[in-house]
Amino acid sequence: MVPAWLTQLLQALHLSIGPELSLVLWGIILFTGIAILGQAAVIFMVLMERKVLAWLTQRKGPNRVGPWGLLQTLADGVKLLFKEDIMTTGQDKLLFTIAPAIFFLPVFVLYALIPFTDKLLAIPLPTGALFVFALSSISVVGIVLAGWASNNKYSLLGGMRSAAQAISYEIPLVLSVLAVVLYTGTMNIQEILTAQNAPFWKWFGIWLTPVSFLIFLISSIAEVNRIPFDLPEAESELVSGYNTEYTGMKFALFFLAEYAALFAMSALTVIFFFGGYYSPIGGTLCHTFGWDRAFESAVNLPGLGQLMQQFEMITWGLLKTYIFIFIAMWLRGTLPRLKPDQLMGFSWKFLIPLSLINIFMVALERQWQDTNEVVYGYLWAFVLVFGIGGFCWTMSRFFTRKLQARFQS
Amino acid sequence: MTEAIIFWAFTAISVTAALGVVFNRSIIYSALLLILVFLSIAGIFVLNNADFLAIAQTIVYAVGMTIIVLFGIMFTGDRAMLDEPLTSVRKLVSLVLATFTFVLLIKTVQFPFSIQPASQSVIQTLMQSGSTKMLGELLFSQFVVPFELASVLLLVAMVGAIVLAKKTFADAGEMSSQQLSYSIDSGEPTKEANSALHAAASRGEVHLEEVTRS
Amino acid sequence: MIQTGVDPMNLVTHIGLYHYLALAVLLFSIGLVGLITSRNMIRVLMCLELMLNAVNINFVAFNNYLHLDVMAGQVFSIFILTVSAAEAAVGLAVVIALYRMRSSVDIERYTVLKG
Chain A
1 MVPAWLTQLL QALHLSIGPE LSLVLWGIIL FTGIAILGQA AVIFMVLMER
51 KVLAWLTQRK GPNRVGPWGL LQTLADGVKL LFKEDIMTTG QDKLLFTIAP
101 AIFFLPVFVL YALIPFTDKL LAIPLPTGAL FVFALSSISV VGIVLAGWAS
151 NNKYSLLGGM RSAAQAISYE IPLVLSVLAV VLYTGTMNIQ EILTAQNAPF
201 WKWFGIWLTP VSFLIFLISS IAEVNRIPFD LPEAESELVS GYNTEYTGMK
251 FALFFLAEYA ALFAMSALTV IFFFGGYYSP IGGTLCHTFG WDRAFESAVN
301 LPGLGQLMQQ FEMITWGLLK TYIFIFIAMW LRGTLPRLKP DQLMGFSWKF
351 LIPLSLINIF MVALERQWQD TNEVVYGYLW AFVLVFGIGG FCWTMSRFFT
401 RKLQARFQS
Chain B
1 MTEAIIFWAF TAISVTAALG VVFNRSIIYS ALLLILVFLS IAGIFVLNNA
51 DFLAIAQTIV YAVGMTIIVL FGIMFTGDRA MLDEPLTSVR KLVSLVLATF
101 TFVLLIKTVQ FPFSIQPASQ SVIQTLMQSG STKMLGELLF SQFVVPFELA
151 SVLLLVAMVG AIVLAKKTFA DAGEMSSQQL SYSIDSGEPT KEANSALHAA
201 ASRGEVHLEE VTRS
Chain C
1 MIQTGVDPMN LVTHIGLYHY LALAVLLFSI GLVGLITSRN MIRVLMCLEL
51 MLNAVNINFV AFNNYLHLDV MAGQVFSIFI LTVSAAEAAV GLAVVIALYR
101 MRSSVDIERY TVLKG
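Protein chains in written order, with the numbering used here: chain A, 1 to 409; chain B, 1 to 214; chain C, 1 to 115.
None of these hints come from the bench; they were simulated from the model. Note that the Cβ used here is the ideal one computed from N, Cα and C, for glycine as well. Just to be clear, a hint being listed does not mean it is correct.
[To be verified] BS3-like mimics (lysine-lysine), calculated; alpha carbons at most 27 Å apart, straight line:
no., chain 1, residue 1, chain 2, residue 2
1, A, Lys119, B, Lys133
2, A, Lys153, B, Lys167
3, A, Lys51, A, Lys93
4, B, Lys166, A, Lys349
5, B, Lys133, A, Lys339
6, B, Lys166, A, Lys339
7, C, Lys114, B, Lys91
8, A, Lys51, A, Lys153
[Unchecked claim] Per the computed footprint, the stretches of chain A lying under chain B, defined by three or more beta-carbons under 8 Å from a beta-carbon of chain B, are:
no., region
9, 77-87
10, 140-148
11, 186-192
[Unchecked claim] Have a look at the derived ranges for each label pair, beta carbon to beta carbon:
no., chain 1, residue 1, chain 2, residue 2, range
12, B, Val15, A, Thr97, 23 to 31 Å
13, A, Lys93, B, Phe111, 44 to 52 Å
14, B, Ser119, A, Trp291, 30 to 38 Å
15, B, Tyr29, C, Thr13, 32 to 40 Å
16, B, Gln128, A, Asn151, 35 to 43 Å
17, A, Leu319, C, Asp106, 53 to 61 Å
18, A, Phe295, B, Tyr29, 56 to 64 Å
19, A, Leu13, C, Ile107, 57 to 65 Å
20, C, Thr111, B, Thr125, 17 to 25 Å
21, A, His14, C, Thr13, 17 to 25 Å
22, A, Val78, B, Gln120, 21 to 29 Å
23, B, Lys167, A, Gly185, 58 to 66 Å
24, A, Trp291, B, Gly136, 42 to 50 Å
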């Protein structure tokens with residue numbers, strides 16, 4: 001994976017103390033590049049959100065600052081940079097300052113684990129699929145700290161609610177990915193993608209487990225604290241929750257980290273369920289139709305075909321990721337907010353039993369795949385998952401009503 | 001060589017953070033330094049060919065345990081934030097005891113263990129796909145009974161923790177007389193204990209006398 | 001001592017089994033000091049977790065150096081992880097319940113069984 005020129009450069013400089021150094025350096029170089037481009041994506045997403053929400057509510061978004069409002073995020077950034085950094089008296093200065101950093105850094109590191117083409121993966125890990133969720137859950141600690149260090153009742157409440165929500169929705173998140181990992185037999189993200197290198201009707205989110213995909217979509221939106229799971233930062237209820245007391249650049253860090261997490265979660269949805277960077281026909285279009293070889297022989301440069309393929313993979317990956325980001329923003333503009341008890345009940349009483357049943361069904365499908373009865377297994381699995389899932393849900397609603405009635409008497 | 005650099009880095013971080021956990025006055029800083037300890041121990045696990053265990057350690061300890069401990073700190077309020085110092089005799093005795101334990105254990109581990117290098121196939125598997133597959137094979141074949149028992153234990157612990165930490169209701173028919181007397185003994189009953197006491201008095205189970213304080 | 005993988009000539013650059021065991025012992029003793037001398041019950045629980053982590057390092061290091069073919073050390077480490085997580089959760093629930101009784105997490109105030 002490490003290109004040959006890097007190892008030769010290190011040897012020429014007499015710096016090679018082992019084979020790990022070139023790996024680490026290449027990882028750092030790739031990660032820096034991907035992180036910078038990721039930040040550019042985040043900056044674009046801020047504007048995209050406002051435009052999408054405006055379009056859904058029949059307004060125009062920001063359109064004064066540049067052509068089509070493209071410089072709006074730059075203007076927002078400059079404004080936040082120049083705002084006063086307020087710290088009230090009861091606050092713990094150190095904790096108040098490092099809480100946004102604890103929230104931001106693990107999300108940032110996530111970009112190192114997401115592949116954008118088959119060669120553009122900063123850190124290829126054999127357990128990448130699990131490590132991604134370990135990293136994204138470290139940022140919850142930052143939220144609790146931010147709520148505590150603000151010396152404000154509403155912030156503390158918001159922080160604790162957010163932590164409870166995040167850990168509740170992490171379980172169905174990981175369990176839905178577990179279904180995919182169970183099917184492919186590996187936690188290596190690149191091998192999961194290689195297994196989806198097929199026409200779109202064989203992608204995991206469409207053919208294998210659409211239930212898993214839906215659970216992942218819902219849980220990822222809950223993990224990122226977006227509407228309809230917006231309670232920790234609800235403006236009408238908690239005065240913006242854990243980031244009430246934050247101004248200036250620290251607020252900008254929270255804000256950007258949330259969009260970075262949304263981008264990362266959408267990228268993961270695409271990777272686990274929708275074929276990653278492959279085109280809907282499987283592989284890349286330019287390789288299947290021979291355009292890369294034609295281009296290569298026309299311009300007479302040997303590496304150009306590969307480069308064309310890589311560009312096409314990045315295009316497909318980003319396109320699909322932005323489709324899911326658009327879906328998240330669409331949900332924001334359309335749905336109301338869930339109450340805390342509804343939120344927790346939905347996760348613990350509906351999503352977790354459903355994802356457990358789903359894992360069982362995927363295991364059965366895997367078994368049937370070996371004996372060539374896939375379609376039959378899939379239909380049965382679909383029916384059973386929704387049947388038992390619906391049963392669990394109605395039972396949980398029934399018992400909730402009963403318990404509420406008992407305690408109100 | 002790279003292993004040495006990484007090992008000494010993680011050792012320095014974990015020992016400093018552990019000392020901070022024990023000796024820091026503010027308990028929230030102790031909890032944060034504990035995250036550092038857990039993360040550096042996860043790094044040491046990776047050095048020892050235990051990458052799945054490192055991720056499990058991060059998820060369970062560095063995230064889960066920290067959130068539990070932080071919630072515990074925040075529920076138990078401001079007065080518990082700073083540790084009051086102990087008598088110096090006690091501190092001296094504990095340091096002597098810890099030094100004695102340290103020396104004893106260091107001498108114990110200086111035993112010539114015979115290191116067996118692993119077989120080539122195992123090393124190949126570990127380098128390519130990590131330790132997950134081998135762990136999984138063991139967990140579901142040879143150690144399946146402890147595995148199932150561990151899951152039952154987790155279920156029981158979850159139910160137990162919920163029951164123990166459940167808030168008693170303000171009209172407190174739920175406090176037994178034992179709980180009430182325990183809280184009165186200390187001289188500073190909480191609001192819930194107080195209201196429970198008055199509720200019990202109004203039910204006629206307890207006889208309260210008015211004490212005038214001067 | 002060569003058999004433990006430790007080369008006395010360069011103890012710093014060659015990491016053997018002994019280094020990991022020494023780290024585990026050091027963390028264990030620090031946790032022991034914290035366990036005995038803390039007045040705050042939550043700090044006691046944190047030091048207990050520190051000690052359990054030191055034991056985990058021990059298991060994993062032995063597994064790595066002595067028999068890597070059978071990953072029994074790591075399996076047992078997973079069980080220690082599980083059990084200690086469960087025990088910390090129950091321990092903190094007990095601390096919260098005690099706090100409701102006496103408004104304090106100071107260990108010196110819970111002396112009912114003394115004398």
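Quick rundown of the hints versus the structure:
1. Restraint check: the Cα-Cα separation between lysine 119 of chain A and lysine 133 of chain B comes to about 25 Å, which is no more than 27 Å; the hinted pair holds.
2. The suggested pairing of lysine 153 of chain A with lysine 167 of chain B holds, with an alpha-carbon distance near 20 Å, which does not exceed 27 Å.
3. The straight-line distance between the Cα atoms of lysine 51 of chain A and lysine 93 of chain A is roughly 36 Å, outside the 27 Å bound, and the hint therefore fails.
4. Of the supplied pair hints, the one linking lysine 166 of chain B and lysine 349 of chain A holds, its CA atoms being roughly 19 Å apart against a limit of 27 Å.
5. Of the pairs offered as hints, the one joining lysine 133 of chain B and lysine 339 of chain A is violated, with about 41 Å between alpha carbons and a cut-off of 27 Å exceeded.
6. For the proposed pair lysine 166 of chain B and lysine 339 of chain A, the alpha carbon gap of about 21 Å is at most 27 Å, so the pair holds.
7. Distance restraint check for lysine 114 of chain C and lysine 91 of chain B: the Cα-Cα separation of roughly 20 Å lies within the 27 Å cut-off, and the hinted pair is therefore satisfied.
8. Note on lysine 51 of chain A and lysine 153 of chain A: the hinted pairing is violated, with a Cα-Cα distance of about 34 Å set against a maximum of 27 Å.
9. Only residues whose C-beta sits within less than 8 Å of a C-beta in chain B count toward coverage, and the region 77-87 of chain A has 0 of them, not enough to reach three; the restraint is violated.
10. Beta-carbon proximity to chain B at under 8 Å applies to 5 residues in the region 140-148 of chain A; the threshold of 3 is reached and the given coverage holds.
11. Coverage of the region 186-192 of chain A by chain B holds in this model, with 3 residues showing a Cβ closer than 8 Å to a Cβ of that chain against a need of three.
12. Taking 23 to 31 Å as the suggested C-beta distance range, the pair valine 15 of chain B and threonine 97 of chain A conforms, at roughly 25 Å.
13. A hinted range of 44 to 52 Å for the beta carbons of lysine 93 of chain A and phenylalanine 111 of chain B is consistent with their spacing of about 49 Å.
14. A hinted range of 30 to 38 Å is violated for the C-beta pair serine 119 of chain B and tryptophan 291 of chain A, which are about 48 Å apart.
15. At about 34 Å, the beta-carbon gap between tyrosine 29 of chain B and threonine 13 of chain C stays in the expected band of 32 to 40 Å.
16. Hint check: glutamine 128 of chain B to asparagine 151 of chain A, Cβ distance near 51 Å, so the stated range 35 to 43 Å is violated.
17. As the Cβ distance of leucine 319 of chain A to aspartate 106 of chain C is approximately 59 Å, the hint placing it in 53 to 61 Å holds.
18. At roughly 60 Å, the beta carbons of phenylalanine 295 of chain A and tyrosine 29 of chain B sit within the given window of 56 to 64 Å.
19. In this structure the hint that leucine 13 of chain A and isoleucine 107 of chain C lie 57 to 65 Å apart at CB holds, the actual value being about 58 Å.
20. A beta carbon spacing of about 56 Å between threonine 111 of chain C and threonine 125 of chain B contradicts the range 17 to 25 Å that was offered as a hint.
21. Between histidine 14 of chain A and threonine 13 of chain C the beta carbon distance is about 18 Å. The supplied range of 17 to 25 Å therefore holds.
22. Roughly 59 Å separates the CB atoms of valine 78 of chain A and glutamine 120 of chain B, a value that falls outside the hinted 21 to 29 Å.
23. Lysine 167 of chain B and glycine 185 of chain A have their C-beta atoms about 46 Å apart, which leaves the hinted 58 to 66 Å range violated.
24. For the pair tryptophan 291 of chain A and glycine 136 of chain B, the beta carbons lie near 43 Å from each other, so the given range of 42 to 50 Å is met.
The structure does not agree with the numbered hints 3, 5, 8, 9, 14, 16, 20, 22 and 23 stated previously, though it agrees with the rest.
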